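Work out the full structure: start from the sequences and follow the hints.
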Amino acid sequence: MRFMLLFSRQGKLRLQKWYIAMSEREKKKLGRELMQIVLGRKPKMCSFLEWKDLKVVYKRYASLYFCCAIEDQDNELLTLELIHRYVELLDKYFGSVCELDIIFNFEKAYFILDEFIMGGEIQDTSKKNVLKAIEQADLMQEVRSVVERGFIYLPHMRRHSENIFANIISAGTAIFWRRRSKSKVRWATRALDDLKEFPPGPPLPSPRPAILCPVGRLLQPNLSPARPRVGRGNPT
Amino acid sequence: MPAPVRLRELIRTIRAARTQAEERDVIQKECALIRSSFREEDNTYRCRNVAKLIYMHMLGYPAHFGQLECLKLIASQRFTDKRIGYLGAMLLLDERQDVHLLMTNCLKNDLNHSTQFVQGLSLCTLGCMGSSDMCRDLAGEVEKLLKNSNSYIRKKAALAAVHVIRKVPELLEMFLPATKNLLNDKNHGVLHAAVVLVIEMCKHSPDTHTYFRKNEKVVPQLVKSLKNLIMSGYSPEHDVSGISDPFLQVQILRLLRMLGKSDDEASEQMNDILAQVATNTETSKNVGNAILYETVLTVMDIKSESGLRVLAVNILGRFLLNNDKNIRYVALTSLLKMVQTDHNAVQRHRSTIVDCLTDLDVSIKRRAMDLCFALVNGSNVRGMMKELLYFLDHCDPEFKADCASGIFLAAEKYAPNKRWHIDTIMRVLTTAGSYVRDDSVPLLIQLISNANSLHAYIVQKLHQAIRVDISQQPLVQVAVWCVGEYGDLLLSGEFEEETPVQVTEDEVLDVLEKILHSSLSALSTREYALTAIMKLSTRLQSSTNRIRKAVSIYGSSLDVELQQRAVEYSALFMRFDHMRPALLERMPLIQKTGTNGPMNATIHGDEKEEGGNLPVQEQLSQQAQVNNLLDLLDDSKPTVSLPEASKVHQARGELLDLLDGLNMPDLQSSGLSAGQPQLLPDGIAPPSFQNASNSKQGIPSITAFNQNGLKIEFSFERSKANPNMLFITLCASNSTEIDMSNFVLQAAVPKSFQLQLMSPSGSIIPAKNSGAITQLMRVLNSQKQPLRMRLKLMYNHKEVPFEVMTDVNEFPTQAWE
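Listed in order, the protein sequences are those of chains A and Z. Position one of the first sequence corresponds to residue 2 (the numbering used here), numbered consecutively onward. Position one of the second sequence corresponds to residue 632 (the numbering used here), numbered consecutively onward.
Treat the hints with caution; some may be incorrect.
Stated by the list, open to error - Derived DSS-like pairs (lysine-lysine); straight-line CA-CA distance at most 27 Å: (1) Z/LYS858 - Z/LYS916; (2) Z/LYS798 - A/LYS53; (3) Z/LYS1031 - Z/LYS1044; (4) A/LYS128 - Z/LYS778; (5) Z/LYS703 - A/LYS109; (6) Z/LYS834 - A/LYS56; (7) A/LYS28 - A/LYS93; (8) A/LYS18 - Z/LYS798; (9) Z/LYS798 - Z/LYS703; (10) Z/LYS778 - A/LYS129; (11) A/LYS133 - Z/LYS775; (12) A/LYS133 - Z/LYS817; (13) A/LYS30 - Z/LYS798; (14) Z/LYS1145 - Z/LYS1044; (15) Z/LYS916 - A/LYS45; (16) Z/LYS811 - A/LYS128; (17) Z/LYS855 - Z/LYS739; (18) A/LYS43 - Z/LYS916; (19) A/LYS29 - A/LYS93; (20) A/LYS13 - A/LYS43; (21) A/LYS28 - Z/LYS703; (22) Z/LYS892 - Z/LYS855; (23) A/LYS53 - Z/LYS996; (24) Z/LYS1031 - A/LYS56; (25) A/LYS129 - Z/LYS798; (26) Z/LYS834 - Z/LYS855.
Claimed, not checked - On the chain Z side, residues computed to face chain A include the following (Cβ under 8 Å): (27) VAL793; (28) LEU879; (29) TYR1066.
FYI, nobody ran anything at the bench for these hints, they're computed from the structure. The model shown is predicted, which means the values in this text are computed figures rather than measured ones. We put the beta carbon where it would ideally sit given N, CA and C, even for glycine.
As structure tokens, then:
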């Protein structure tokens, strides 16, 4: 993969990751042009386009476009899966992710991406492993903050810093360890708000139904497959 | 100094900005604060500030002043700092700036850090943005980490190694020993990274290719891994809608493809597993199709069994019928790739492919169109062309040009007969007339002129077409040309197959005049029309006066080319009326010169006609000389004139043919407006007269060349009719004891000029200045630029051939100003 861009329906860049060396100006130009082309495509069109010497695969999730420029020999269909996997990871991490999550926690989105893809190649094919790595790293970030500010001070931890997690978890002081739902995340982070370098995003406004609004869920919950059938009978 | 606002707070403020200016304002203020904070070497908030910069950078604001701060963060001991520092480094730095090299040492320390996440960050950064220098320095550490006991580190190290090899291929061998264990790894992440690593190695060196195939026996191992994947039961960790680890499967299939390429043994080993994957993969979801697609590519690339290949093409055939447009797209793309090798297998899906021409998606349409053209052959050409013509009729404008030229090519290659060929091209011209490329007009004219028996049919059809519609320029040009050439056939109405439409002379002329006067017509179309009308003067019995009138109107046209033609044609009616029928005879058959180089073809054609009776050999050699001369001028397309000695008094008909429609655009562009002078005395006086009037004009003569006894003098005269036209009379004299023979002079001028070289008065320069050769040149300098000229002189002196090249730059200013 050469690069990955996330941008909104309005053409605002939300995330960019370049795996090839390019000057800042070229990146900007390329990104802007590609955005225009992708946004100009109709929903009926296929997700692939060949543009300049690039093979581009894009997919729209609610208000966000995920766009990858891939190598010539890369599998386009699989790239769609890769995009989907990334969205799933974001969804798991943030708990029904929406565009606002990515805006306000862009660095987290980058961390997840870096844990999933490295140098343009998939790093781990297991969702669980990626999330585990991110959670542990997050925890380390938080615990370090805690430790450094003297809230928890366990002298032997200094020497065995890698055991910090184990100790804290067993001590039961870190309830925030398992993030399973958004509410828990909020709770945990609120508790730690003063301690952390990066407080969480703002309380989200109540979800609006419009598909274009940035709070729309990127991943729709699976609907039951059987949809109510519309009767075809003549009303008269 | 108060604590800076939090990152989220800043994002909120920026998002709250209503206008672009307001946003800029907020950012500028914040940047100022950040800068001062950086200046004070504030460690507590550096991390927060860099994070803010990353956000601003994403919005498109400059953030380069954070680059060094990123490095400081990386060097910090806090994990949070490192995390943001590395993120910033990956986003704000790139390998073009030397700053990134300062990172190398930190990276090296962190690669050996005790915490896996710090090592991970460092590996990830190296694998993302490491430059070749950095890769050289750190390759050793990466290699060590490949053997780490922690799978989290191993997979990252393997991908970092991939990056190292991409940057510095010669470091490849260093990683070779580690691959064996990596490929045996149980962890999917590590295995996936290992496969990627081996693919990268194979890409860079054919030796490793054989190494993996022969020494390491990688193929059976991969086959085993793939089999395990397929056979393994449900594992929620790696499952994607019922398929176990598609990412790994696809990667293994890709490596198998590289190893099996042109290797019988390896291909043999993987045949079974490929068949198994091809038949057992669930196709209801995209992910299954992704694997099938990769399998098909592998099957087609390796030396697989024929049964397997058929299976592969059938899978693609099934893809074509899939509801998902993405799958249809990849099917067409891969069919296009294999149409060269497995033509017949692809041919079987022709009707499905043709159906894709009606797809709503333009990308699919384009692919289908390309594929259709690839599938046309002698046996299906009629059917396919019908479909493609229908497509041309209905498709979006963006397709028309490509589709039209595709049809032209295919029709030329596979046309069952001439009539069909011409019908097809005419059909294209009528449906997509204004979209076809310019070179199709001469091609079609050539084709028509060669189809002797069909002239009457063609001219009638074309005449019908332009009576209805004169807006399609290429069609009109062809039609006008034909009407001009074969007007007599049009009137006689003798064509046996269809009931001929009776047209009167006036009707024919009406159409042509309409085209000539219409504002819709392009300039070159008008030129075609004028010539056609002129040609009709000998083909129509009773309309001579009307034609004469029509032509004379354009004697005062604003366009030089049209005017010149009209004046010349008018002169034909008056002074040279006795020659007119001979001059306006039909064009001789145009020789076929191939279609692949339109430029070559037409230029070549020009030369041929110009040469007339000249043997082809000589023509070619002259052309070669001209090309030599061309090389010498800095301009890409200078104008060059050949002496016209050889063709002065030939069959008179051919001389005027040069003016004819077919050549016109080329004549204009290359400036070779040959053929007029001898025939049409539009203000050119004979050289002697010019010499006499030379002194009157007062342009001083110059000596252009004086060497070895050969002296060439230029004298100048400006044309009274056209001040941009300069007549140069050159006078070559010989002061040696012996005559110079076979004297030939060639001249070239920059592109902005037009040069015409008349025939010299002889080819022998008598010795002892006892005589001279004179030759007249006409130079049209419409842009009034300083004149430069390059001369090439060839002569035999004392039986020795001489060839001299010289530049003439000292033209008197009066000659060009």
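Given the hint that A/LYS43 pairs with Z/LYS916, does the C-alpha gap stay at or below 27 Å? It holds: about 23 Å lies between the C-alpha atoms, which stays within 27 Å.
Restraint check for A/LYS29 with A/LYS93, where alpha carbons must lie at most 27 Å apart: violated, 31 Å
Do the numbers back the hint for Z/LEU879, that is, is its least Cβ distance to chain A under 8 Å? Result: holds, 5 Å to nearest chain A Cβ.
Can you confirm whether the C-alpha distance between Z/LYS1031 and A/LYS56 stays at or below 27 Å? Cα-Cα ~24 Å, so holds.
Is the shortest C-beta separation between Z/VAL793 and chain A less than 8 Å? holds, 6 Å
Go through the hint on Z/TYR1066 and say holds or violated, using the shortest Cβ distance to chain A against 8 Å. This interface hint is violated because 22 Å lies over the 8 Å limit.
Starting from Z/LYS892, check that the Cα of Z/LYS855 is at most 27 Å away, please. Cα-Cα ~19 Å, so holds.
Sort out whether Z/LYS798 lies within 27 Å of A/LYS129, counting only the CA atoms. Distance of about 31 Å is beyond 27 Å: violated.
Take a quick look at whether A/LYS133 and Z/LYS817 sit within 27 Å of each other, Cα to Cα. Cα-Cα ~18 Å, so holds.
Under the criterion that the straight-line Cα-Cα distance not exceed 27 Å, is the pair A/LYS28, Z/LYS703 satisfied? holds, 25 Å
Straight-line alpha-carbon gap Z/LYS834 to Z/LYS855, limit 27 Å: With Cα atoms ~23 Å apart, Z/LYS834 and Z/LYS855 stay inside 27 Å; holds.
Check the hint pairing A/LYS128 with Z/LYS778 against an upper bound of 27 Å on the C-alpha distance. holds, 24 Å
Against the hints set out earlier in the document, violations occur for numbers 7, 14, 17, 19, 25, 29.
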